[in-house]
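Per full-length UniProt numbering, the sequence shown starts with residue 1, numbered consecutively.
One should not assume that every hint holds.
[Unchecked claim] Per label pair, the in silico range of CB-to-CB distance:
#, residue 1, residue 2, range
1, M319, G134, 35 to 41 angstroms
2, D83, L298, 30 to 36 angstroms
3, S188, S86, 42 to 48 angstroms
4, R139, L298, 40 to 46 angstroms
5, T4, N239, 21 to 27 angstroms
6, K157, L250, 20 to 26 angstroms
7, K33, G200, 17 to 23 angstroms
Simulated from the structure, these hints should not be mistaken for laboratory data. For glycine and all other residues, C-beta sits at the position ideal for the given N, C-alpha and C.
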Amino acid sequence: MEFTHTLELINKLVENKIVPGVTYAFIDNTQIKSGVLGDKQWVPSPQPLLENQIYDLASLTKVVGTVPAILQLAEQGRLAINDSISLYLPEWKYPLVTIRNLITHTSGIEGYIPHRNELNHDELIDALLNLKVGKDINRKMNYSDTNFIFLGLIAKKITGQSIQTLIKRRVLEPLNMFDSSFNPLEKSQCVPTEVTPDKGLLQGVVDDPKANILQADCGSAGLFSSLDDLIKYVKWLINPQNNGIISPNLVDELFEDQTINGSLGRSFGWAIDKDKHGQTYIWQGGYTGTFIVIKPKLKQALIFLSNRIHPKAPNEKYMTYRAEIIDSFLND
Numbered sequence: 001m002e003f004t005h006t007l008e009l010i011n012k013l014v015e016n017k018i019v020p021g022v023t024y025a026f027i028d029n030t031q032i033k034s035g036v037l038g039d040k041q042w043v044p045s046p047q048p049l050l051e052n053q054i055y056d057l058a059s060l061t062k063v064v065g066t067v068p069a070i071l072q073l074a075e076q077g078r079l080a081i082n083d084s085i086s087l088y089l090p091e092w093k094y095p096l097v098t099i100r101n102l103i104t105h106t107s108g109i110e111g112y113i114p115h116r117n118e119l120n121h122d123e124l125i126d127a128l129l130n131l132k133v134g135k136d137i138n139r140k141m142n143y144s145d146t147n148f149i150f151l152g153l154i155a156k157k158i159t160g161q162s163i164q165t166l167i168k169r170r171v172l173e174p175l176n177m178f179d180s181s182f183n184p185l186e187k188s189q190c191v192p193t194e195v196t197p198d199k200g201l202l203q204g205v206v207d208d209p210k211a212n213i214l215q216a217d218c219g220s221a222g223l224f225s226s227l228d229d230l231i232k233y234v235k236w237l238i239n240p241q242n243n244g245i246i247s248p249n250l251v252d253e254l255f256e257d258q259t260i261n262g263s264l265g266r267s268f269g270w271a272i273d274k275d276k277h278g279q280t281y282i283w284q285g286g287y288t289g290t291f292i293v294i295k296p297k298l299k300q301a302l303i304f305l306s307n308r309i310h311p312k313a314p315n316e317k318y319m320t321y322r323a324e325i326i327d328s329f330l331n332d
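Kindly produce the complete structure, drawing on both the sequences and the hints.
Following this line, the structure appears as structure tokens:
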């Protein structure tokens, strides 16, 4: 296991002060090469980044938590992937939208919610349920948090438990991911994200505004985790076991395009594509500076954790480096 060029790019990202620091792991079947580079934070004063600190995963919540929780309900027969979401959310006015549409970001749901971040929990859910469906349903993949917020509401309707409670009990605990939670108690172990005008430095507090409002009902963001826990999760995907979450056969379906015509580049939650050698890979990123890439046939993966929005969002320079790092990993 080498990945020399990819590691050089990760080092460059830190050396050029694009991000304060990076925690990473390369996985090659049962082998793991991991490391920590740079600082935990720059503001209010620099602190070194230590091993196995806790990161705000942002949208990695979707694939680490919500996807397996929903697929487990499907495997138990408590929902069907092609069900209309109106079966579970009767307030929703567009029965054409299915659970498959939500989990592959092909729902066509669109619209703007004025003063969204000032709404309370019930007002935000009501506003989301009043969004419209445009012409892109089943025609384009348009990534949206709304899709995964709706999945969380559907899971709650079926089970009576919030999506975050389901994720904890049905995904994190079976995988022994005990560093992972939605409300970290040890704030000092958390890598800070941005400095905000109203709350100051966000540390161990979710950065995503919708997750902040919806709390336990948010299926799109909110999970905090460590490198060690994410290694457990990724090792399960590349060598699936019968662990009571979802069957190995269903894990294998994560590595196939699950859009209705099989060609829109989305699996269950994950982006899916082929590298220049024709090998399938899946990946997902988070706004805070996190991502995971998996090459299933080779049983290889890269877990990358940073706080790219510290001390200030959005830090678009990071996006260029991220693309280079992923491309290098796929071809290293």
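Hints versus structure:
Distance hint check for M319 and G134: the Cβ-Cβ separation is about 26 angstroms, which falls outside the suggested range of 35 to 41 angstroms. Our hint of 30 to 36 angstroms for D83 and L298 holds, since their Cβ atoms are close to 35 angstroms apart. Between S188 and S86 the beta carbon distance is about 45 angstroms. The supplied range of 42 to 48 angstroms therefore holds. Separation of R139 from L298 is about 32 angstroms and departs from the stated range, judged on CB atoms against 40 to 46 angstroms.
About 25 angstroms separates the C-beta atoms of T4 and N239, a value consistent with the hinted range of 21 to 27 angstroms. Checked against the given bound of 20 to 26 angstroms, the beta carbons of K157 and L250, roughly 22 angstroms apart, stay inside it. Taken as a hint, the range 17 to 23 angstroms is violated for the pair K33 and G200, whose Cβ atoms sit roughly 36 angstroms apart.
In terms of the numbered hints stated before, the structure departs from hints 1, 4 and 7, listed from lowest to highest.
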